[in-house]
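Could you slot chain B onto chain A? The hints should help.
Those protein sequences? They're chains A and B, same order as listed.
Per this note's numbering, numbering of the first sequence is gapless, rising by one per residue and ending at 238.
Per this note's numbering, numbering of the second sequence is gapless, rising by one per residue and ending at 63.
Keep in mind that the hints were calculated from the coordinates and are not lab data.
Incorrect hints may appear among the rest.
Said to hold, decoys possible - With a straight-line Cα cutoff of 25 Å, these simulated DMTMM-like cross-link-like pairs (lysine to aspartate or glutamate) come out:
id, chain 1, residue 1, chain 2, residue 2
1, B, Lys27, A, Asp140
2, B, Lys34, A, Glu42
3, B, Lys16, A, Asp81
4, A, Lys51, B, Asp40
5, A, Lys51, B, Asp12
6, B, Lys10, A, Asp77
7, A, Lys51, B, Glu48
8, B, Lys27, A, Asp81
9, A, Lys191, A, Glu211
10, B, Lys47, A, Asp12
11, A, Lys172, A, Glu91
12, B, Lys47, A, Asp53
13, B, Lys59, A, Glu7
14, B, Lys10, B, Asp40
15, B, Lys16, A, Glu7
Unchecked claim - Facing chain A, according to a computed beta carbon distance under 7 Å, are these residues of chain B, among others:
id, residue
16, Asp12
17, Tyr23
18, Ile38
19, Val53
20, Gly56
C-beta atoms are modelled at their ideal positions from N, C-alpha and C, and glycine is treated no differently.
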Amino acid sequence: MFTDKIELKDFDKMDPEYKDLLGHVLTIQADCEIGGPHLYVETMLPAAPTKLDQLIVARTAAEEIDHFRKVARVAGDIGVDVSFVLSQPNEKRFVDAFRGSITTWEDNSVFGFLIDRIGRYQLEEFYDCSYLPLQRILPDIVTEELGHIEYGYNKTLELIQSGDEGKARAQKAVDYWYVRALDMFGRADSKKSERYRHWGLKRRTNQQAREDYMNEVGPILTQMGLKVPDPNKGRRYM
Amino acid sequence: MPQAVANLDKMDEHLKTIVQALYGAVKQGIPHVKEPPIVDKAIADCKEILDEVMAGNVKEWLN
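Isolated chain B, as found in the complex:
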């Protein structure tokens, strides 16, 4: 078997958590698109999560 990359499982788990959190925020917002407090909170949550991914601080994720 080839030698897998170090921390592969950890990165995989971290990304799974991020994706699930994003799906959760989107799911919260979609039924409430006409209710600003709820949908705006959902969009803000998405932004916060996506900002973390876009920053790409992989070393921080793995610590």
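Here chain A stands alone, though its shape is the one from the complex:
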């Protein structure tokens, strides 16, 4: 297991596998950061229920664009150009959850509550990671992701508390996004995941992170009065 800490100036000396893995994970992270706004800006900026919500949609997008910028800087410094993801069509996004479009307010709310939480989990993988320039950009990004999760949670709760119809809409959105969230952790037997851990770029196995997520989200859903979806139904990556 690799335990050194690497600065930009050391990067050229690193093993090619390390360079490839770091470049790959930064590209996926950049794609996910900008992939969020591409899902909801066009549809939700005009359709959010209040003026305040419209402004919060814009602010959330601004924060995600800034996260993209920070990740793109870390990637660009090691010679990895991630700018192509800025114009990439949604159907070509690296992660399934970012393909398509968000067309309802309940989907937008649950997306923040469940999928931005995955964003937090993925970023937490880099805590204490071997590449210090990546570690340094994390605190501000994670703080903002926590804000997105809380906003999504509050909006989902508002919907549930609005009555039976609102609760049914929230449950339907949760049923849709929960399995996509679980798939975002990748396959349990991923060899690549082991290599990330070997090089100190990630902390947990895909399955460990997924189980931590399920253990965190399950009780919250129950407390909100929602059913926890079957974690095996509709999954693509087990």
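What follows is chain B alone, placed relative to chain A:
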């Protein structure tokens, strides 16, 4: 040191400007959510800025 991507600083600066402009528009609107002319202008400004990012014409940004 590794060779950085060409135009990295330029893209970084452009995105910083975009993000600051968006924060500025949001900040203009939030205290005035009950005053349609002001808040609608702020939302329209956000839309205009976000449309540029969503279009993703990176080459144009860098020229």
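Right, here's what the structure says about each hint:
Restraint check for lysine 27/B and aspartate 140/A: the C-alpha separation of about 19 Å stays at or below 25 Å, so the hint holds. Pair hint lysine 34/B plus glutamate 42/A holds up; C-alpha atoms about 23 Å apart against a cutoff of 25 Å. Restraint check: the Cα-Cα separation between lysine 16/B and aspartate 81/A comes to about 17 Å, which is no more than 25 Å; the hinted pair holds. At roughly 8 Å between alpha-carbon atoms, lysine 51/A and aspartate 40/B fall within 25 Å of each other, so this suggested pair holds.
Restraint check for lysine 51/A and aspartate 12/B: not satisfied, since their Cα atoms lie roughly 30 Å apart, outside the 25 Å limit. Between the alpha carbons of lysine 10/B and aspartate 77/A the distance comes to roughly 13 Å, so the proposed pair stays at or under 25 Å and holds. For the hint linking lysine 51/A to glutamate 48/B, the alpha-carbon distance of about 16 Å falls within 25 Å, and the restraint holds. Using a Cα cut-off of 25 Å, the hinted pair lysine 27/B and aspartate 81/A is violated, with the two alpha carbons roughly 32 Å apart.
Distance hint between lysine 191/A and glutamate 211/A is fulfilled; the C-alpha atoms sit about 18 Å from each other, no more than 25 Å. For the suggested pair lysine 47/B and aspartate 12/A, the alpha carbons sit about 42 Å apart, so the restraint of at most 25 Å is broken. Taking the CA atoms of lysine 172/A and glutamate 91/A, the gap is about 23 Å. The hint holds against a cut of 25 Å. For the given pair, lysine 47/B sits about 14 Å from aspartate 53/A by alpha-carbon distance, which is consistent with the 25 Å threshold.
Restraint check for lysine 59/B and glutamate 7/A: the C-alpha separation of about 30 Å exceeds 25 Å, so the hint is violated. Note on lysine 10/B and aspartate 40/B: the hinted pairing is violated, with a Cα-Cα distance of about 31 Å set against a maximum of 25 Å. Note on lysine 16/B and glutamate 7/A: the hinted pairing holds, with a Cα-Cα distance of about 24 Å set against a maximum of 25 Å. At a threshold of 7 Å, the smallest CB-CB gap from aspartate 12/B to chain A is about 6 Å, leaving the interface hint in force.
A hinted interface residue such as tyrosine 23/B counts as satisfied when its beta carbon comes closer than 7 Å to some beta carbon of chain A; here the least separation is about 6 Å, so the hint holds. For isoleucine 38/B, the interface hint is violated, since its Cβ never comes within 7 Å of a Cβ in chain A; the closest pair sits about 10 Å apart. Of the supplied interface hints, the one on valine 53/B holds, with its beta-carbon coming within about 6 Å of a beta-carbon of chain A, less than 7 Å. Using the Cβ-Cβ criterion of 7 Å, the hint placing glycine 56/B at the interface with chain A is satisfied: the shortest such distance is roughly 3 Å.
Checked against the numbered hints above, the structure breaks hints 5, 8, 10, 13, 14, 18 and satisfies the rest.
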